[in-house]
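Asker: The residues making up each chain are set out below.
Protein chains: 2
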Amino acid sequence: MEQTASPSPATPREAEKAFYQAFEQADAEAMLAVWDDGADVVCIHPMGQALGGREAVARGWREILASGHRMHFTLIPLQFTEDGDLAVSLVYEHIRVDGESRTRPPILATNVYRRTPGGWRIVAHHASPAVVDLEAARQAPRSLH
Amino acid sequence: MEQTASPSPATPREAEKAFYQAFEQADAEAMLAVWDDGADVVCIHPMGQALGGREAVARGWREILASGHRMHFTLIPLQFTEDGDLAVSLVYEHIRVDGESRTRPPILATNVYRRTPGGWRIVAHHASPAVVDLEAARQAPRSLH
Chain A
154 MEQTASPSPA TPREAEKAFY QAFEQADAEA MLAVWDDGAD VVCIHPMGQA
204 LGGREAVARG WREILASGHR MHFTLIPLQF TEDGDLAVSL VYEHIRVDGE
254 SRTRPPILAT NVYRRTPGGW RIVAHHASPA VVDLEAARQA PRSLH
Chain B
154 MEQTASPSPA TPREAEKAFY QAFEQADAEA MLAVWDDGAD VVCIHPMGQA
204 LGGREAVARG WREILASGHR MHFTLIPLQF TEDGDLAVSL VYEHIRVDGE
254 SRTRPPILAT NVYRRTPGGW RIVAHHASPA VVDLEAARQA PRSLH
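Protein sequence lines correspond, in order, to chains A and B.
First residue of the first sequence? That's 154 in our numbering, and the numbers climb one at a time after it.
First residue of the second sequence? That's 154 in our numbering, and the numbers climb one at a time after it.
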């Protein structure tokens, strides 16, 4: 515990750093600390349904972070917008997993941050595979939307 | 053209209405009118890469809207957050396509709106299938993220 992210991120970028640091360290408590307490939080993991509300979001993270995978994130920023007490960050997540030689397809993530009395917190995380695989991409309603 | 959405949406919800109306009417000009002019716009269609910048976003929409499918959207709101000149809406899109009997898997969308001198505009659209199909879901790095 010698180096932890700030418990009260002063900016949305600090909150984003804390989010991915908790992810890399598979630290569920740190991950939940950076999430807003509000009932309206939403978390979408790749290919999953939307998890709504603090409890469902927490359950999702505990499950994922307990998988034992050690992940390392390289983020490629796509868009960052901030105004008032709200900020949105779109990034490509390139994930390297310890012990895996195969490169994983990148993940696209939209992260929404809100300023609270306790600092900036994440209120929404929407992640999806840029391309799962060619077969899935062929079957997806690509021409539709 | 007897009924068109406002060219200068006064609220993010009006902009969202204009977005989905243009989508349903397969009206590329109306769709592009509701997008921001900024160089930082980002559009992610399901299972696609991120399209960045006005030109790439426009090309993507012209291609999709030219497909000839007539789509009808039912939106289930998941989260709506607004502050200052920024707003974010997360929704489930249930899409019915004329002439199709098979139900399509729902789409999850995060839409980001920004206030401009010309009204509220969309600056980011991130859409992904909630579940493409069971096989794809099994192959996706679900335990990871």
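Among the hints, a few may not be true.
The list cannot tell twin chains apart, which means a pair is met if one copy fits it or any two copies do.
To be verified - 25 Å max Cα-Cα, derived DMTMM-like pairs, lysine to aspartate or glutamate:
id, residue 1, residue 2
1, 170, 193
2, 170, 235
3, 170, 236
4, 170, 251
5, 170, 246
6, 170, 208
Note that these hints are calculated values from the structure, not bench results.
Asker: Going back to the hint list, which numbers does this structure go against?
Answerer: Nothing - there is no hint that the structure violates, so all of them hold.
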